[in-house]
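There are 2 protein chains.
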Amino acid sequence: MSDSTHTQMWEKLNLDLPAHDALLGVLGKFYGDIYLSQENRLRGAEYLDFVLSEVHGLRIKELQDAKAEGRKVVGSFCVFVPEEMTLAADAVHVGLCAGAEAGTNLAEQLVPRNTCALIKSFIGFKMARLCPFTESCDLIVGETTCDGKKKAYEAFNEIAPTYVMEVPQTKTPAARALWRSEIVRYMAELEKVTGRTITAEKLAQGIRTANAKRRALQRLTKLRAASPAPISGRDALLINQISFYDEPVRFTAKINELCDELEARIAAGQGVAPANTPRLMLSGCPMAVPNWKLPYVVESAGAVIVGEESCIGTRNSRDLTDESGTTLEAMIDAIADRYMKIDCACFTPNTERLDNVTSLAKMVKADGVIHYSLLFCQPYSHEALKVDKALAGAGIPMLSIETDYSMEDVEQLKTRIEAFVETLA
Amino acid sequence: MSDSTHTQMWEKLNLDLPAHDALLGVLGKFYGDIYLSQENRLRGAEYLDFVLSEVHGLRIKELQDAKAEGRKVVGSFCVFVPEEMTLAADAVHVGLCAGAEAGTNLAEQLVPRNTCALIKSFIGFKMARLCPFTESCDLIVGETTCDGKKKAYEAFNEIAPTYVMEVPQTKTPAARALWRSEIVRYMAELEKVTGRTITAEKLAQGIRTANAKRRALQRLTKLRAASPAPISGRDALLINQISFYDEPVRFTAKINELCDELEARIAAGQGVAPANTPRLMLSGCPMAVPNWKLPYVVESAGAVIVGEESCIGTRNSRDLTDESGTTLEAMIDAIADRYMKIDCACFTPNTERLDNVTSLAKMVKADGVIHYSLLFCQPYSHEALKVDKALAGAGIPMLSIETDYSMEDVEQLKTRIEAFVETLA
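In the order they appear, the protein sequences are chains A and B.
Be aware that the first sequence starts at 1, since it is given in my numbering, and climbs by one per residue.
Be aware that the second sequence starts at 1, since it is given in my numbering, and climbs by one per residue.
Chain A on its own, in the form it takes in the complex (with noise of 0.2 Å):
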């Protein structure tokens, strides 16, 4: 992965290189451990296995390239940032470094101590300079979903200028006018930093490659309620994971393969593991790269992972932007619309939340739900409370895990966490 160009790249991107050649290096070891290991995989795995050793090589060396071609890269912390409009200013759109603790010590210099690792994680990537992806940024955009990103993008500010969407907190009309009132100004400074003009057609065309993207991710969800389990939990984060960081036209093709092997095997009755292993699925706050902690210790406990409600899972792929319209006004009321059916903990009520969780959890045949909720994640510790009433309704048991990204209560978890796969065998 570290080869000299690269080395050069990063060199010019002002990261800290000794820190990040050994992050890198512990990165390595770690995927080796968790996803190499696994039996049965997919042919098609091959593809993950290639994205996610050059993230942070080929890939930024492809911003790298766009940006020497004119084009701009658009960061970006959650799903609310509409990536068609990004797309239609021919912008690259990309997640930025979330997912591992780095830099926390600085972090905690600019944000309080109880804040969630994802946020610590943000603002202690940028500090030690070891986000490649921050670092190729021509515009970070933040968005107000929590108070703990919402302040911290303040700080951030100071560091790495950030631009914020005001993400409202109902779904009444006013709410509605106030976000679709956001897409527009996202729109104006897209086309300040890009020097493009948005037009119809290149929004349409920014609609259909979103969507197109999550029809595929769709697909994947669909084709995993089959027994035996078809991937793995870890492989399908990770193709969630994926989705925010590579190329969209070409993920979704190689998404849609992955899938046509997933339907032949599925066919001949072949899976991951055996039918009457436990099937889990994930709900609640999302799980960056190289979060893994949680899906691996629940695979290593005899179960398999057969969804993911998060925002890296179906809350960023189950709804599509309408794609009838044929004017830029009833294309940025369509992105509205699609935005605000989004069941954030961000919103009150949510109630529609529990509704998807029990229905996907239907779906795809779980026997049972981990709710997992970031420490210090005040909108879905709340919403676990919630979600486990919805689900004992529906008659479905559930495992509510409050977790950060150090590995010092992996023994606890993998305690609780079998005896809670003893109780569905």
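Heads up, some of the hints might be wrong.
Identical chains blur together in the list; that is why a pair holds if it fits in one copy or across any two.
[As the list claims (entries may be wrong)] List time: in silico DSSO-like cross-link candidates among lysine-lysine, alpha-carbon distance up to 27 Å:
#, residue 1, residue 2
1, K171, K192
2, K362, K222
3, K171, K341
4, K29, K61
5, K171, K67
These aren't lab readings, by the way, just hints derived from the structure by calculation.
Here the structure is a predicted model, which means the values were calculated and not measured.
Knowing the structure of chain A, use the given hints to seat chain B on it.
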């Protein structure tokens, strides 16, 4: 406080009588230790003592009498709920119990453990049937100012129907439009609940009444700039706390009388502490009745408190609603504008708070500031870091305190605050 008429009333309100008696007993003792032990108190403090002693008694009787006359009672937990509008509907506008540990074990069934003490308190008071204000309400109004409250109201709504106003998170024109529409929606809800029509005349009167209260509190704030300090921080906090419970016209008259007395004191060069006593300002989270822990520790450490930059302090009284409007539409605009000036940490960015904290500290001639965040309050914990920098820039030292309602950390707080006060002497 606990005569038999009151007991009958509390019984009708379905309070847990033995637990409520015990609570009043503890509070009475606490009040005696913290308030009645003070020397050089104002004559006008008799009003404060009386109101506090009858806050669950005669004041609740007044609410019942108002209800018997066909008026309604509206309760809230936040300075964003526009009192002008409530008054214009002939309704009584009161704060609800949120300042003491009560029913914490019950509250933790509905909200996560990592929730601030204020939120656990309002849920606990309701679940333990200890708050006669909550039990007297015809309408409880919540808001979306922080993740903790926003999500807690969903749970609270299951035990006490709660109407929620969406407070925006930025101060853009679109956010102001959302907020204005929320005021209009609140007006309609009030008309529905009360059966009264809110006319321009009534709203104008509501604005004048609310402004008169704010002017009295502004007058108090300014008088505290005198040296020696003419009133203790404890008593000034109590005045701000009582402003949420007592009848506003009576309160305004009494506080203006008390300010007359303060002026006479100042003219005579008298105060509650010697002129060389270190002067501290509090800044941050609200301290609801009977949360007097920190002021007591501070003033027992040889300092005097000369200002409270909080929602139960200057954040609630600094801005007036423009009184020049003659139509309902103009008055609604004036109310929207007034509330959008509030420098709550829920906004991003919220740089005006940094200016306000600094200028208030200078105005009251504070030697230092104690920033107070409730444990797990993310918005104010984030801003503590910013306020510290802003005050340092103005040459004003700051001590950051994070605490809750328990008494477990009192000795630790004493040690830290005494050390801070020593550096100022």
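Which earlier hints turn out false for this structure, listed by number in ascending order? 5
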